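Peer 1: Chain by chain, the residues:
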Amino acid sequence: MIDTNASPTALLSVRSVAKQFGKNAVLRDISLEVAEGEFLSVLGESGSGKTTLLRLIAGFEACTAGEIWMGGLRLDPLPPYKRSVNTVFQNYALFPHLSVFDNVAYGLRVRGTPAAEVKTSVEDALAKVKMSSYVQASPAKISGGQQQRVALARALVNRPKLLLLDEPLSALDANLRRQMQLELKILQREVGIAFVFVTHDQEEAMTVSDRIALLRAGELEQVATPQEIYRKPATAYVARFIGQSNLIHATVNAGIAESGGLRWPTADPDGSATYSLRPECIFATVVGAAPLNNSVCFGARVVNRIFQGAAELWQIESAGGLRLLVKTSAKNGSAEMEFAFLAEDLMRVKD
Amino acid sequence: MELRMNGSISGKSRWLTVHATLVFGFLYMPIVVLIIYSFNRDGVGGFPPQNLTLDWYRQLLQDSALWDSVVNSLIVALCAMAISIGLGLPAALALDRVSFPGKALFRRLVLLPLILPGIITGLSLLMLVVLMGLKLSLLTIILGHGTALIAVATTELFAGLQKADRAQEEASLDLGANYWQTFWRVTLPNLRLSIIGAGLLIFTLSMDEIAVSFFLIGRDNTLPLEIWSRLRRGMTPEINAVSTIIFVFSLAMIVIWYRLRVHGGEDVTDVVGTATEEIA
Amino acid sequence: MFSRAYKLAVSLPPMAWVFMFLLLPYGLLFLYSFWTVTPSQQIVHQWNIQNYGELLHVPVYLEVLLRSIRIALTVTLLSFLLGFPLAYIVSFHAGTRKDLLYQLVIIPLWVSYLVRAYAWKTILGSDGVFNTLLQYLHITNHPQGFLLYSPFAVVLTLTHIYTPFTFLPIYAAMEHIPRCLVEASQDLGATPRQTFWRVIVPLSIPGVIAGGTFSFVLSLGDFLAPLLVGGPSGIMISNIVVSLFGAAYNWPLGAAISICMMVLVIALLFATERLEKKWSFA
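Residue numbers (the working numbering), protein chains in the order written: chain A, 1 to 351; chain B, 1 to 280; chain C, 1 to 282.
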């Protein structure tokens with residue numbers, strides 16, 4: 001059956017997929033497309049269903065409803081060993097009784113690949129992940145980060161059309177994690193295979209992805225590029241989940257929104273509305289300087305200053321009782337200061 | 001084909017189902033036959049069984065010699081439990097926490113009666129008894145069972161200790177309790193399930209024990225030895241009836257044991273597996 | 001962390017008991033094996049290795065020992081053939097019934113050994129259930145004598161007894177195999193059959209070794225099954241020992257055989273322990 005519904009560059013097409021475990025509906029009506037060579041992150045809290053979605057694509061679970069298509073053919077009736085999809089597991093799942101070489105060679109061997117080809121392919125794959133000198137090592141004797149690389153090589157050597165990664169970096173410490181994020185990104189560009197990357201860490205998702213799919217309680221909250229998801233969060237949840245945000249509940253009346261004594265012009269209809277404002281969009285104004293166009297100015301008391309290394313996070317309270325977070329690199333400040341932000345930096349979000 | 005969440009693979013091959021059925025059949029067929037023929041008027045053999053009756057059970061109820069041996073077995077089993085656990089608990093504690101000279105030897109020595117043919121343990125104890133000039137009696141049997149089954153208690157309790165939270169004992173000491181108080185208030189309650197499990201197992205093993213008892217028996221028979229001596233005289237369905245009752249009783253024990261383990265949150269295969277690994 | 005008093009209190013009683021009632025008795029056994037017995041049934045404390053010599057030179061002992069080893073090996077092999085696939089089924093294919101199936105395998109273990117061996121006796125005899133069934137179905141005309149009182153009967157009975165024993169460690173080893181390894185194998189393109197041979201089997205080997213050792217050693221030293229269903233041709237080495245302590249009154253010789261068995265078993269345990277370690281990748 002030829003698939004006529006997918007867009008031309010879509011590699012994987014998830015259509016209205018749902019998954020239920022007994023009475024528990026873990027995934028509800030998920031529709032998603034993954035383009036060729038794309039790095040897509042599936043982001044969400046624990047329990048959001050992101051790992052389940054991955055397992056459906058890999059073939060370890062069956063969909064309760066919906067279909068999954070890949071390359072014009074239906075994927076979901078196929079068992080895992082017939083799908084051109086490989087997985088990097090969260091705890092790496094390296095075979096303890098096989099050496100690093102044999103682990104990486106596994107997929108090739110079960111398919112009957114001739115020995116010479118196996119050797120060159122495995123050596124190539126290990127070189128790509130910088131594990132060439134560990135060829136004969138046993139998985140028990142290498143570190144977590146090294147195991148992770150071997151797991152990557154083991155998956156990639158089979159040249160799958162799609163690579164699934166289930167929180168592969170979550171077991172690593174912070175520094176190694178950051179390093180691996182960059183390496184992963186570069187590797188993905190190099191091999192040109194589409195990656196679907198599951199994580200609960202929004203910073204990680206922002207670092208590596210071409211696009212982010214944010215899952216919340218089994219439903220897709222927003223699917224967009226990192227820039228878009230950050231600057232134009234669709235809902236309050238997205239605004240809170242991605243980065244830090246101030247959520248301002250305002251009342252709109254005849255083109256003016258008002259909250260806690262602050263006012264700004266808006267095109268939104270009358271009624272109540274929630275706005276998201278990123279902390280770095282609020283800045284302390286220099287006393288005596290002229291206010292910028294379209295800026296909202298107000299005075300506030302600095303309640304708390306949290307040192308974060310490159311910048312500081314200030315908790316401020318306006319005269320009208322509005323509590324806001326400000327991210328600033330300003331090192332000096334007094335208890336009472338003047339602040340401002342641009343009206344255009346306010347994003348209307350759904351509650 | 002799918003891989004379900006609990007790790008099982010569906011779409012099983014028919015051969016596997018056939019194999020499983022055959023093996024279960026093999027394991028249970030003799031027992032089923034035994035039970036059926038306990039109701040057979042005409043004897044333990046012959047097919048098909050006709051003339052079903054409860055007579056053999058009635059005869060059983062009046063068989064005083066048999067009931068005497070049951071009482072003896074119970075006494076022995078309970079005393080064996082006391083000895084095995086009473087010594088197995090300190091042994092497990094010692095193995096878990098203390099390094100002392102001869103520890104490795106001790107560990108293996110303790111496990112020997114389980115893996116060696118029971119008659120060897122029985123024989124050697126007989127020699128000791130003769131040397132000490134003791135008369136053979138229930139007491140010597142209790143000695144034999146207790147010694148042979150210390151290993152069971154030690155292994156179960158050792159496994160239980162390994163699973164227990166060591167930090168709790170440290171907290172107790174930190175809060176001012178001394179070693180004895182810590183033992184009674186913290187260690188023992190944590191081991192409660194292991195102790196009960198070990199007790200059930202020891203009880204069952206003791207009730208069924210023949211090899212060691214064979215050499216240490218005096219005038220009073222235990223149940224298995226009583227059955228054994230009757231067998232030498234000839235087979236009657238009364239023995240089937242006793243066997244059926246033993247089976248039902250064992251069934252009850254294992255269900256209780258299993259429920260205890262599972263509801264205590266322990267992984268049954270872990271406990272049994274550890275025990276068998278230790279032994280082997 | 002533990003005081004000296006605690007350590008003493010905890011290690012002394014068991015050690016004392018084990019010394020008194022295990023080490024000493026085994027030691028006595030060892031001593032006895034070097035003594036002899038006079039025709040008038042007195043034990044003479046003369047030190048010699050005559051008993052061990054007798055074992056080697058009198059053919060019947062060696063013959064029975066070899067038969068016992070043969071029977072034990074057969075039982076081990078059969079128990080493995082029955083128990084290994086069963087462990088695989090219960091561990092990987094049982095789904096929601098896993099608990100129940102596991103209990104079903106364990107239950108026979110808890111039922112009296114004597115009861116089970118006795119059951120076989122009633123089944124295999126000339127008037128037994130199996131023979132009369134065959135005649136009832138007109139498959140045979142007269143009782144098959146070889147069923148009972150033969151090594152065959154002993155092997156059958158012992159296999160019945162020790163299959164669950166073999167099952168347990170294999171099952172435990174299989175349960176320890178992380179399921180993600182099975183998923184990883186399938187993810188990489190291996191069919192369930194390939195996964196079985198390449199992943200599950202290698203990782204079950206320690207369990208197989210443990211289970212096999214268990215069955216072999218316990219079968220070898222068994223004395224009840226041969227007594228019940230073995231007949232004269234099914235006698236095993238333990239029966240000889242028992243008779244030497246009974247009617248054939250020769251304690252020293254019996255002790256010598258026992259010591260040989262002990263040495264054999266302990267040596268085997270050491271060997272398989274090494275083997276197990278080599279094959280375990282946790």
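A portion of the hints provided could be inaccurate.
To be verified - Incomplete in silico selection of chain B near chain C, CB under 7 Å: (1) V18; (2) T21; (3) D96; (4) F100; (5) A104; (6) L105; (7) L111; (8) L116; (9) L200; (10) L205; (11) I254.
To be verified - So the derived label-pair ranges between C-beta atoms look like this: (12) B:I75 to C:P178: 44 to 50 Å; (13) C:L275 to A:D173: 36 to 42 Å; (14) B:L54 to C:S126: 44 to 50 Å; (15) A:D351 to B:R259: 45 to 51 Å; (16) A:K82 to B:T17: 41 to 47 Å.
Hint data in this document are derived by calculation from the structure and do not stem from the laboratory. Remember, it's a predicted structure, so these values are computed and weren't measured experimentally. Every residue gets a Cβ at the ideal spot worked out from N, C-alpha and C, and that includes glycine.
Peer 1: Work down the list of hints and note, for each, if the structure agrees.
Peer 2: These are the hints, each one checked on the structure:
{"no.": "1", "hint": "V18", "result": "violated (10 Å)"}
{"no.": "2", "hint": "T21", "result": "violated (10 Å)"}
{"no.": "3", "hint": "D96", "result": "violated (9 Å)"}
{"no.": "4", "hint": "F100", "result": "holds (5 Å)"}
{"no.": "5", "hint": "A104", "result": "violated (12 Å)"}
{"no.": "6", "hint": "L105", "result": "violated (9 Å)"}
{"no.": "7", "hint": "L111", "result": "violated (9 Å)"}
{"no.": "8", "hint": "L116", "result": "holds (6 Å)"}
{"no.": "9", "hint": "L200", "result": "violated (9 Å)"}
{"no.": "10", "hint": "L205", "result": "violated (9 Å)"}
{"no.": "11", "hint": "I254", "result": "holds (5 Å)"}
{"no.": "12", "hint": "B:I75 to C:P178: 44 to 50 Å", "result": "holds (47 Å)"}
{"no.": "13", "hint": "C:L275 to A:D173: 36 to 42 Å", "result": "holds (38 Å)"}
{"no.": "14", "hint": "B:L54 to C:S126: 44 to 50 Å", "result": "violated (28 Å)"}
{"no.": "15", "hint": "A:D351 to B:R259: 45 to 51 Å", "result": "holds (49 Å)"}
{"no.": "16", "hint": "A:K82 to B:T17: 41 to 47 Å", "result": "violated (24 Å)"}
Hint violations for this structure: numbers 1, 2, 3, 5, 6, 7, 9, 10, 14 and 16, all remaining hints satisfied.
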